[in-house]
Amino acid sequence: MRYVVNAVTMAPIGGVEMSTTQVNRRLAERGHEVHALYRDPGVLLPEWQSFARSVVRVPSFDWHRDRAARELWQLRPAVQAARAARPDVIYLNRVEQIGWGLAAAGASRASLVVHLRNQPSFPGMKVVSRMTARFIAVSECMRRIWIDSGVEPDKITTVHNGILAEDYPVGGLAERAAARAELGLPRDAFIPLYLGRVAPEKGVPTLLQAWRRLGWSTDDARLLLVGTESSGPEYEHLLEVRRDEPAGLHWLPKRRDVITALHAADVVVLPALWEEPFGRVVIEAMATGRPIVASRVGGIPEIMTGEAAQWLVEPGDADAIAAQLAALRDWRRDDPGLADRCVQHVRREFSLDRTADGVESVLQDVVHSRRRAGRAGGRQLAGATAK
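The opening position of the sequence shown corresponds to residue 1 in our numbering, with each subsequent residue numbered one higher.
Treat the hints as calculated values from the structure; they're not laboratory data.
Please note that a few of the clues may not be correct.
As the list claims (entries may be wrong) - Simulated restraints on C-beta separations: (1) Asp-167 - Arg-57: 22 to 30 Å; (2) Gly-337 - Arg-255: 29 to 37 Å; (3) Trp-73 - Asp-244: 43 to 51 Å; (4) Arg-2 - Ala-327: 15 to 23 Å; (5) Met-131 - His-368: 18 to 26 Å.
Yeah, the Cβ is synthetic: ideal placement off N, Cα and C, and Gly gets one too.
Let the hints inform the model, and build the full structure from the sequences given.
Have a look at this one:
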């Protein structure tokens, strides 16, 4: 199978970029011919160049109706690069770039597969659905939302995100001590962690309310927040949040190395207020042997099944978060086997190979269906000619 995949950036700015890189690397290792197009360079570029048949930089994948004339011209190089690869499939990783995806598929005479990683942000999905071979949703929640927006139900398959175990090593007490020394945190304090964007929908103020209500001494407990933004609306929200910081709060800027922060923590918290499409930090935390307190929204409950379901809270409920943190404060002493159960849950249900299996199955099914349709059309044409 030969396919073209697009990436906005080669920088590891979030879960989308990491998941896209890892899944496509796996598919290349399985013998598929991967051709990558990207817009912005970054540290992931050498990795893509190591497994993709071709890696081509293009000026844009974006198209907006209010800037149609200019942006259609900017799309031309990306469409031409896709056509040059002669793909069986165009694998679009961001649905907001559907204009490029449809144009590239049409120019290449290829099938279009769209990975749905966010909520709908534009109308007309019924039309888009008719022109798209298949969709992949990162959670059942996202699948339902996109069906409601107009995607045909039989065209959309759920494939949960997965991670490589070796990318998220388990961290015991020795790793915790080393991480805390590196970050300047108390060796023996209880430390919950928030890891992600400081944006309104992420619910950080709710976590800060919970922390205030606990009223723990800074000698015994610290709250670690990693993921501050430096510009734009999220920076304004950050400034608002920081005007009334509770005692014991330790801020760190966004960093590529998330393992040190995870290893420094005893518990991770995801207090989301919106329909979180998946919640990658949930599996990242559990993979390193940490329980996570998270909102019962979006795709999060699909990850936190079995024993982990007890740590779900209603969005915006600071009291529930505080109660969960208090209950988990001494989990290492009270339930020393919990870390291993968290690790095994992720390795069993959310491995990278399992995700690659799901994506590969959808892409191959599209290719095989197209070839079957082509053979059927050829037989019909031959029959008509014979008559």
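(message) Range first: 15 to 23 Å. Now tell me if the beta carbons of Arg-2 and Ala-327 are that far apart.
(response) The hinted range 15 to 23 Å is violated for Arg-2 and Ala-327, with Cβ atoms some 52 Å apart.
(message) Within 29 to 37 Å: is that where the Cβ-Cβ distance between Gly-337 and Arg-255 falls?
(response) Cβ of Gly-337 to Cβ of Arg-255: about 31 Å, so the range 29 to 37 Å holds.
(request) Could you see if the CB distance from Asp-167 to Arg-57 stays within 22 to 30 Å? (result) 26 Å, holds
(request) May I ask you to test the hint 43 to 51 Å on the CB atoms belonging to Trp-73 and Asp-244? (result) 48 Å, holds
(message) Given the hint of 18 to 26 Å, is the C-beta distance from Met-131 to His-368 inside that range or not?
(response) 20 Å, holds
Hint compliance for this structure: hint 4 alone is broken.
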